[in-house]
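K.L.:
Can you build the whole structure from these sequences, using the hints too?
Okay, here's what each chain looks like letter by letter:
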Amino acid sequence: MSQKNRIAGGQIDRAKTLKFSFDGRSYAGHPGDTLASALLANGVRLMGRSFKYHRPRGALSAGSEEPNALVELRGGARQEPNTRATTVELFDGLLAKSQNRMGSLRFDLLAINDRLSNFLTAGFYYKTFMWPAAFWEKLYEPVIRKAAGLGSLSGKDDPDVYDKGFLHCDLLIIGAGPAGLAAALTAGRAGADVILADEDFSMGGRLNSETFAVGDRSGADWAAQTVAELASLSNVRLMPRTTIIGAFDHGTYGGLERVSDHLHSPDAGKPRQILWRIYAKRALLCAGATERPIAFDNNDRPGVMLGAALRTYANRFGAAADRRVAIFTNNDDGHRTARDLHAKGVRISAVVDVRPDAPLHPDYQVLRGAQVVDTRGRLGLSFIDVRQADGTMRVVECGALGVSGGWNPNVHLTCHQRGLPVWDDAIAAFVPGENLPVGMAVAGAANGVFTTAGALRSGAAGAVAALDLGQTPDLPQTEDAPVNITPFWYVKGCARAWLDQQNDVTVKDVKLSHQEGFRSVEHLKRYTTLGMATDQGKTSNMGGLAIMAELAGKTIPQVGTTIFRPPYTPTAIGAFAGRHRGQGFHPTRLTPSHKWAQEQGAVFVEVGNWMRAQWFPQPGETHWRQSVDREVLATRKSVGVCDVTTLGKIDVQGTDAAAFLNTIYCNGFAKLAVGKVRYGLMLREDGIAMDDGTAARLAEDHFVVTTTTANALPVYRHMEFVHQCLFPDLDVQLISTTEAWAQYAVAGPNSRKLLEKIVDQDISNAAFPFMACANITVCGGLRARLFRISFSGELAYEIAVPTMYGDALIRRIMAEGAEFGVTPYGTEALGVMRIEKGHATGNEINGTTTAQNLGMGRMVSTKKDSIGAVLSRREGLNRADDLRQVGIKPVDPAEKVPAGAHLMNAQGPVDAVHDQGYVTSACYSPNLGHHIALGFLKNGGNRIGEELRLVSPLTGVETRVEIVSPHFIDPEGERLRA
Amino acid sequence: MIIDHPLLGPRDAAEFTYMGDAKLIDRPDPDADTAAQDFHDYAYLRDNPAGWHQELWFHEAGDRSWLVVTRNTLTHEISKVELARDVARSRGRNK
Amino acid sequence: MRYSGLRVIKEALTGHKGWTPAWRDPAPKPQYDIVIIGGGGHGLATAYYLAKQFSQKSVAVLEKGWIGGGNVGRNTTIIRSNYLLDGNEPFYEFSLKLWEGLEQDFNYNAMVSQRGILNLIHSDGQRDAFIRRGNAMILNGADAELLSTAQIKARYPFLNTHDARFPIKGGLAQHRGGTVRHDAVAWGYARGADSRGVDIIQNCEVTDFRIENGTCLGVETTKGFIGAGKVGCAVAGSSSRLMAKADMRLPMESHVLQAFVSEGLKPVLPGVVTFGAGHFYVSQSDKGGLVFGGDIDGYNSYAQRGNLPVVEDVCEGGMAIFPMLGRARLLRMWGGIMDMSMDGSPIIDKTHIDGLYFNGGWCYGGFKATPASGYCFAHLLATDTPHQTATAYRFDRFEKGLMIDEKGVGNQPNLH
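Chains as they are written, first to last, in the UniProt record's numbering: chain A, 1 to 978; chain B, 1 to 95; chain C, 1 to 416.
Read the hints as simulated data drawn from the structure, not as lab findings. Be a bit skeptical, because a hint or two may be false.
To be verified - Lysine-lysine pairs mimicking DSSO-like chemistry, simulated, CA-CA at most 27 Å apart:
{"id": "1", "chain 1": "C", "residue 1": "64", "chain 2": "C", "residue 2": "52"}
{"id": "2", "chain 1": "C", "residue 1": "400", "chain 2": "B", "residue 2": "23"}
{"id": "3", "chain 1": "A", "residue 1": "554", "chain 2": "C", "residue 2": "17"}
{"id": "4", "chain 1": "A", "residue 1": "138", "chain 2": "C", "residue 2": "97"}
{"id": "5", "chain 1": "B", "residue 1": "95", "chain 2": "A", "residue 2": "671"}
{"id": "6", "chain 1": "C", "residue 1": "64", "chain 2": "A", "residue 2": "554"}
{"id": "7", "chain 1": "A", "residue 1": "511", "chain 2": "A", "residue 2": "554"}
{"id": "8", "chain 1": "B", "residue 1": "23", "chain 2": "A", "residue 2": "864"}
{"id": "9", "chain 1": "C", "residue 1": "400", "chain 2": "C", "residue 2": "245"}
{"id": "10", "chain 1": "A", "residue 1": "896", "chain 2": "C", "residue 2": "169"}
{"id": "11", "chain 1": "C", "residue 1": "350", "chain 2": "C", "residue 2": "407"}
{"id": "12", "chain 1": "C", "residue 1": "169", "chain 2": "A", "residue 2": "156"}
{"id": "13", "chain 1": "C", "residue 1": "64", "chain 2": "A", "residue 2": "511"}
{"id": "14", "chain 1": "C", "residue 1": "57", "chain 2": "C", "residue 2": "29"}
{"id": "15", "chain 1": "A", "residue 1": "492", "chain 2": "C", "residue 2": "17"}
{"id": "16", "chain 1": "A", "residue 1": "554", "chain 2": "C", "residue 2": "29"}
{"id": "17", "chain 1": "A", "residue 1": "508", "chain 2": "C", "residue 2": "10"}
{"id": "18", "chain 1": "A", "residue 1": "146", "chain 2": "C", "residue 2": "153"}
{"id": "19", "chain 1": "A", "residue 1": "281", "chain 2": "B", "residue 2": "80"}
{"id": "20", "chain 1": "C", "residue 1": "97", "chain 2": "C", "residue 2": "57"}
{"id": "21", "chain 1": "C", "residue 1": "169", "chain 2": "A", "residue 2": "595"}
{"id": "22", "chain 1": "C", "residue 1": "64", "chain 2": "C", "residue 2": "223"}
{"id": "23", "chain 1": "B", "residue 1": "95", "chain 2": "A", "residue 2": "676"}
{"id": "24", "chain 1": "A", "residue 1": "896", "chain 2": "A", "residue 2": "938"}
{"id": "25", "chain 1": "A", "residue 1": "270", "chain 2": "A", "residue 2": "164"}
{"id": "26", "chain 1": "B", "residue 1": "23", "chain 2": "C", "residue 2": "407"}
{"id": "27", "chain 1": "A", "residue 1": "138", "chain 2": "C", "residue 2": "153"}
{"id": "28", "chain 1": "C", "residue 1": "29", "chain 2": "C", "residue 2": "245"}
P.N.:
Written out as structure tokens, the structure is:
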């Protein structure tokens with residue numbers, strides 16, 4: 001395929017040819033091309049379809065503001081919808097498809113919408129599709145949804161890797177056009193830590209697209225030379241292909257670096273993109289400006305483009321959109337396009353300038369005081385209709401029209417912290433206001449300085465000011481032409497004149513919006529969808545605002561702008577997620593016995609970030625219940641062992657440690673003897689139970705507190721709050737030691753016998769009774785801690801050793817316990833035994849229950865102050881018919897009593913009003929031979945023995961249950977003390 | 001956001017856990033006759049200003065200091081960072 | 001003017017000349033029976049039901065900016081009634097029923113789309129809690145269904161069921177949940193209220209209350225004093241600022257919640273999905289954008305913008321359950337101000353000042369409540385008694401210990 005519109009010059013490497021495919025056809029381009037420039041060079045103007053009317057569209061721009069030329073790039077799992085052809089760097093083998101069409105790009109069946117456009121005006125859908133009501137979901141909406149959307153996701157997992165990184169600098173320069181380069185040179189030579197980021201793959205900004213000289217060389221050469229010098233400075237980090245997407249608090253910027261998007265696929269070990277969090281002491285925004293179009297009828301045909309984009313394609317890419325080009329302008333910049341194209345041998349059919357005093361040119365006609373009022377051509381531009389100054393009409397033949405309506409400074413990032421731009425009459429555009437993000441300044445075209453010389457000066461001055469440098473460097477001489485512009489937004493009398501090309505918002509829609517009272521900018525945007533497309537109105541918003549201002553009889557600044565929000569350009573969600581996906585979504589915490597448990601074939605379960613052994617299947621066991629029942633029975637019969645390291649452990653030391661715990665727990669701790677453990681219940685200040693656990697007094701001034709696994713962190717944070725903020729002079733120090741100690745529960749009638757083989761000290765019942773604790777040694781001298789506490793209700797201990805010995809200890813316990821048939825048990829068996837014993841856990845201490853609800857109301861001491869005591873006395877928390885924790889068993893032992901089911905009276909209605917309570921925890925008790933449960937029941941303490949109904953309409957359960965004591969096993973606690 | 005920790009220097013706010021108004025330091029006297037009302041006001045009512053706000057942040061991924069940060073809720077500007085312990089003492093809290 | 005398909009066709013054929021403003025732009029009168037402060041979803045809905053259901057003839061809505069400019073125009077558009085607690089579930093189910101007939105009621109297509117909401121389950125404990133909740137929903141007359149992973153996968157084939165850090169173990173679905181075109185809710189209520197005589201006054205900021213002898217007589221505004229028999233405040237996000245003018249301290253903090261939308265995409269998600277092991281919820285709009293969100297930033301803020309850590313956290317949640325999302329692009333992020341209350345539940349109540357009524361504390365769940373909130377606030381304003389589904393939303397519930405704490409995290413607003 002020939003590159004029929006390839007013209008001379010440009011910064012492409014003609015020595016190399018790259019093959020690529022668009023909609024199944026093969027084309028050739030060169031390194032340095034974008035997909036759009038290569039398509040234009042190949043004579044392809046039609047690149048996409050619009051969102052609503054499915055109008056044929058080509059590239060409007062040559063940059064990231066592109067609304068039209070969106071493609072599905074790549075295929076398979078790497079398919080990337082809505083990719084702007086104007087920013088895609090061409091690579092060999094590139095694959096692109098047009099999108100949002102039914103049929104082919106040339107014959108899109110949904111183009112019927114364009115014929116119906118008069119019915120599909122702004123907001124039409126709010127006024128219809130209401131009858132019959134059920135048809136919305138069944139008929140109307142599915143049709144609309146199918147037609148809507150743009151490109152498609154593949155549905156496959158994104159195969160690429162994304163990284164996150166952090167950078168710090170003295171000065172972040174955003175944009176590497178003339179202002180940014182001058183700033184970087186100034187700051188870099190002064191030795192500051194500089195980051196220069198630019199969204200383009202080639203730094204230089206407009207210098208790469210212009211023909212005028214900078215100093216003694218072309219602008220592009222000066223840019224290249226400057227970049228080379230900057231690259232030689234170790235204090236300057238050049239970041240091409242990096243978009244600064246947002247300005248966040250305190251000088252934090254988000255930057256997206258496209259590491260591999262210009263490659264066929266990422267190199268081995270390389271991410272696709274990196275999201276940088278950049279901490280900048282100062283930032284200089286040199287983001288340039290974006291040209292804006294003029295609205296006139298049918299101004300959206302492929303070939304109608306921004307004037308400066310035509311210049312970019314010709315000068316930078318050596319591509320002409322067509323061999324015959326017309327220009328429509330209201331300012332001098334349009335003439336620059338005409339001159340450059342003419343010099344490249346492109347025929348200028350006409351320059352249509354709305355200004356009666358427009359400059360003339362000897363080689364082509366300039367139509368002064370004229371306007372383009374319409375265009376023709378089915379899938380691409382072939383003629384324009386021009387109304388001349390004298391009112392006569394004229395048809396001009398051209399395949400491309402460069403429209404130049406003036407330039408809008410890219411103020412986007414200056415508004416990310418709710419700053420408002422201000423209007424500048426001289427350039428008829430908004431420029432950054434006073435209220436900039438802290439540490440940010442603006443230079444160059446982004447600040448409304450539109451000449452190259454001015455940009456260089458303001459960039460250098462910006463760096464000098466930001467870094468408090470002494471002087472500006474010498475800057476080269478260059479273009480310094482004044483801006484001559486007559487604001488002109490739309491051709492009067494036009495109707496289907498596009499403002500937002502992607503969303504198909506026309507001048508007529510803005511008028512309708514005004515007519516119907518949607519007159520604030522936000523209403524205009526939301527009612528018409530103006531500026532809500534993937535370009536966020538970069539080329540369309542100003543026109544809409546100007547027309548609304550005119551209709552409302554206001555000035556443009558009175559109408560104002562909508563809010564600029566991050567990201568500056570759309571950013572892959574994968575980049576924000578980085579490596580936090582799949583197994584890497586959250587960190588995985590492993591217990592000290594994990595490796596050993598793996599060897600045993602344990603089944604693991606996620607408990608927060610922890611992985612815990614859930615059960616240990618033995619050969620022949622085909623159902624988890626078989627394993628769990630065996631573990632429970634074996635533990636209660638002889639001895640079992642379970643890793644309980646995940647429970648929070650907090651070391652509390654100091655002369656006021658006891659006083660501190662007395663405040664933390666609702667029950668008393670002041671008088672706990674050294675060598676003793678006490679169960680403690682902690683309330684939040686609002687009187688609701690927060691967590692429970694034990695506190696062991698290892699010395700007069702030393703306690704070890706345990707928390708539930710889930711609350712290890714919140715409890716620690718709470719305790720530090722109480723200490724640092726409420727009682728700062730208490731002599732107490734806290735440290736979380738959850739990871740420092742490996743801890744195992746050894747439970748069952750033979751647990752003492754087993755531990756006696758390991759522990760070096762006397763742990764007989766007399767020497768080490770129930771609720772004893774001590775610093776001990778094991779295995780002939782290893783320091784350890786032993787607590788005689790029981791979650792299972794059996795004679796039991798928890799033994800702790802420094803984490804590094806955790807693996808050795810579990811192996812030793814198993815070896816020494818072999819004679820007792822020691823059985824490892826997992827979290828399921830742990831749960832069964834604690835339900836059998838009636839111990840509360842997170843299901844019961846669920847953040848809404850009180851000590852009273854838990855049957856521990858009397859624990860809340862009235863003799864002392866403790867956190868939560870005062871508010872726990874509120875009437876609503878002390879009602880006679882309060883929920884109380886009860887035990888529940890099925891009347892028919894074969895029935896289940898599932899958790900989440902609700903309790904209803906034996907007779908009467910089953911509904912929310914008659915709800916009596918609910919089941920919190922349930923299991924099969926292998927010791928009792930039937931299912932059991934814990935739950936909360938209104939006035940439950942007085943209803944033991946009552947028969948109720950347990951209902952779970954969600955899961956189809958309704959069964960009769962009996963309310964019993966929550967202590968199913970050993971209610972007197974004899975086993976504990978054995 | 002960046003919090004200039006009085007002991008550790010500037011740290012990303014993501015290292016911290018937020019709790020709320022620093023008036024939570026001013027826990028009422030549980031023995032006062034008005035304790036029930038005092039604790040209700042303390043636990044539940046907030047000035048919630050649009051502007052400068054003294055608030056409690058916990059350096060959870062750091063040195064576990066509770067800090068009192070003076071921050072503007074309209075702009076997020078931070079004007080002062082103190083150790084909560086010092087603030088508590090200055091407000092008369094001790095044991 | 002009544003909207004209909006026929007009307008659209010007629011106007012299309014006659015040059016769209018007949019469309020009139022959706023609401024008038026009246027100057028404020030000196031006195032109204034009822035003045036509502038706040039032209040957001042709740043305020044406009046209140047005015048609508050006052051006029052329509054409670055036959056109030058003299059009602060004004062005062063809006064400091066443009067109507068619908070607050071959280072009703074900045075949310076993730078989800079509706080549902082999948083609550084657990086007695087104080088909440090009947091109210092939200094009432095709201096969902098109002099949504100179901102809303103468009104025909106106010107003659108505006110707000111695109112109420114009952115495409116279903118799905119809460120994913122990742123642990124046994126979570127399943128127990130969701131079963132309890134699903135049962136509470138059914139016992140309150142709402143719908144709920146417990147789905148297996150296979151059932152979920154059939155509807156959402158792109159879910160990560162092969163490599164998830166927290167495997168999906170099922171889900172709780174409410175098929176009547178879904179999404180609504182948020183702006184259209186404000187506009188539909190505004191149009192409906194306006195056509196029933198309510199004055200909607202934009203760019204009219206209330207600067208103070210006029211309170212004499214414990215009675216509120218009206219409000220001072222940027223358009224002068226406006227007298228009122230009763231004043232109802234519905235200014236979510238700004239509640240504390242407004243009520244401070246009446247010397248009230250509220251049980252709430254203002255926090256920023258960010259929300260996100262992707263570029264338009266062909267349909268991939270039929271309904272709303274919420275991730276149960278992280279902070280992430282997502283649906284796809286009729287226009288094709290993936291609308292998603294997560295947790296609040298967590299610090300007091302009136303800035304209506306957030307920071308990167310939460311943006312990243314939300315996207316991590318998205319990638320965790322839908323790994324295809326990596327190649328979709330985030331188009332826009334924004335922030336709204338949430339009244340985060342002390343128990344995560346709202347307040348619809350009289351104040352201690354006669355004639356001054358309050359509606360707020362919606363945390364980040366106010367959008368779905370819009371119809372019932374408006375209805376119940378109108379009920380309170382018109383009859384001085386709470387609507388039967390809103391009796392628990394009282395100021396004094398904290399004094400009495402009757403908190404309505406769905407999450408069970410207590411008096412720390414940023415945890416709700």
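K.L.:
Decide, hint by hint, whether the structure agrees.
P.N.:
Comparing the hints with the structure gives:
no.	hint	verdict
1	C:64 - C:52	holds (24 Å)
2	C:400 - B:23	holds (22 Å)
3	A:554 - C:17	holds (23 Å)
4	A:138 - C:97	holds (19 Å)
5	B:95 - A:671	holds (18 Å)
6	C:64 - A:554	holds (20 Å)
7	A:511 - A:554	holds (15 Å)
8	B:23 - A:864	holds (23 Å)
9	C:400 - C:245	holds (26 Å)
10	A:896 - C:169	holds (21 Å)
11	C:350 - C:407	holds (26 Å)
12	C:169 - A:156	holds (21 Å)
13	C:64 - A:511	holds (25 Å)
14	C:57 - C:29	holds (13 Å)
15	A:492 - C:17	holds (18 Å)
16	A:554 - C:29	holds (26 Å)
17	A:508 - C:10	holds (17 Å)
18	A:146 - C:153	holds (21 Å)
19	A:281 - B:80	holds (18 Å)
20	C:97 - C:57	holds (26 Å)
21	C:169 - A:595	holds (25 Å)
22	C:64 - C:223	holds (10 Å)
23	B:95 - A:676	holds (25 Å)
24	A:896 - A:938	holds (21 Å)
25	A:270 - A:164	holds (12 Å)
26	B:23 - C:407	holds (24 Å)
27	A:138 - C:153	holds (22 Å)
28	C:29 - C:245	holds (22 Å)
In this structure, every one of the numbered hints holds.
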